[in-house]
Amino acid sequence: MNARALEKAATYFAAMRRSGIAAAPAPVAMRPPDIAAGYDLQAAAGALLSGEKGAVCGFKIGCTTAVMQEFLNIDHPCAGLLYEKEVHPASVTLRLADFVQVGVECEIALRLASDLAPQATPFTRQSVAGAVGAVMAAAEIVDNRYQDYHAFGIPALIADDFFSAGAVIGPGCNPADVDLEKAVGITRIDGQQVGSGLGAAVMGHPLNALAWLANQKAERSEGLKAGDLIMTGSVVATQWIDGPCVVSCTVLPLGAVQISFI
Numbered sequence: 170m171n172a173r174a175l176e177k178a179a180t181y182f183a184a185m186r187r188s189g190i191a192a193a194p195a196p197v198a199m200r201p202p203d204i205a206a207g208y209d210l211q212a213a214a215g216a217l218l219s220g221e222k223g224a225v226c227g228f229k230i231g232c233t234t235a236v237m238q239e240f241l242n243i244d245h246p247c248a249g250l251l252y253e254k255e256v257h258p259a260s261v262t263l264r265l266a267d268f269v270q271v272g273v274e275c276e277i278a279l280r281l282a283s284d285l286a287p288q289a290t291p292f293t294r295q296s297v298a299g300a301v302g303a304v305m306a307a308a309e310i311v312d313n314r315y316q317d318y319h320a321f322g323i324p325a326l327i328a329d330d331f332f333s334a335g336a337v338i339g340p341g342c343n344p345a346d347v348d349l350e351k352a353v354g355i356t357r358i359d360g361q362q363v364g365s366g367l368g369a370a371v372m373g374h375p376l377n378a379l380a381w382l383a384n385q386k387a388e389r390s391e392g393l394k395a396g397d398l399i400m401t402g403s404v405v406a407t408q409w410i411d412g413p414c415v416v417s418c419t420v421l422p423l424g425a426v427q428i429s430f431i
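Going from the sequence shown to our numbering is simple: count from 1 and add 169.
Heads up, some of the hints might be wrong.
As the list claims (entries may be wrong) - Calculated pairs, DSS-like style, for lysine-lysine (alpha carbon to alpha carbon, straight line, at most 25 Å):
1) Lys177 with Lys394
2) Lys254 with Lys386
3) Lys394 with Lys254
What the hints assert, rightly or not - Listed next, with one range per pair, are the computed distances between beta-carbon atoms:
4) Gly373 with Asn242: 18 to 24 Å
5) Ile358 with Asp267: 14 to 20 Å
6) His245 with Gly299: 24 to 30 Å
7) Gly299 with Gly223: 26 to 32 Å
If you are wondering where the hints come from, they were derived from the structure by calculation, not from laboratory data.
Here the structure is a predicted model, which means the values were calculated and not measured.
In this text, a Cβ means the ideal position worked out from N, Cα and C, and glycines have one as well.
All chains, full assembly: derive it from the sequences and hints.
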């Protein structure tokens, strides 16, 4: 997409996000032709949305587990932006009316203590480990903003931050004290368990998801910065919420977060 087309498409996608209405597939002229263009458009639309949503404060990674790849019929990870005003502390109350079709995903979150700048060799789980300053139990808030997300197309879903609508983050824990591979995520709705999964389901280890993101950014001559929040992907299938309820996401031994939907 040339600069003018990108500007027009960014305006279209930002307006679509603000509308609160389930979106039809974007017109061809507004649609990113490939995944690289999807990330270009994500950045351009994000610059427009940050005025109301706050500065970009990190990234969500979707489709890092087999359960989510099967759920969405997508065979590779995809990243989206997180905004300051949409990241909440451990317990929050949200209005169902503020979403099209809201869902919750149980995740392990990471907070970076140092930068991961582009480098000549690929990042690995081992090479990114030292950049992680804290690990947390988390819930990603997702929103199915589409009439048919399969028809919307993967590049366009990426441009729209891949369902992202925020996150709820628990207290930080020392990564040296936790075996993330063996961490257990549990989602409950009104106290009833509806799903569980292991940290190992996230690309073998949640740090592999971070390495994937660092490499994806490096391919674009971009990097990750100290303070960035990274959502590593859901260990439990998305739970779509259809009425008032309380959802908790527990990650043992990291803690739990809670969302009350009204």
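Here is how each hint holds up against the structure:
1. Between Lys177 and Lys394 the CA atoms are separated by roughly 29 Å; this puts the pair beyond 25 Å, and the hint is violated.
2. For a cut-off of 25 Å, the pair hint linking Lys254 to Lys386 stands: about 23 Å separates their Cα positions.
3. Between Lys394 and Lys254 the CA atoms are separated by roughly 19 Å; this keeps the pair inside 25 Å, and the hint holds.
4. A C-beta distance of roughly 21 Å is found between Gly373 and Asn242, which places it inside the suggested range of 18 to 24 Å.
5. In this structure, Ile358 and Asp267 meet the distance hint of 14 to 20 Å, their C-beta atoms being roughly 19 Å apart.
6. Checked against the hint of 24 to 30 Å, the C-beta distance between His245 and Gly299 comes to roughly 26 Å, which is consistent with it.
7. The hinted range of 26 to 32 Å is satisfied by Gly299 and Gly223, whose Cβ atoms lie roughly 28 Å apart.
The structure fails hint 1 only (numbered hints given earlier).
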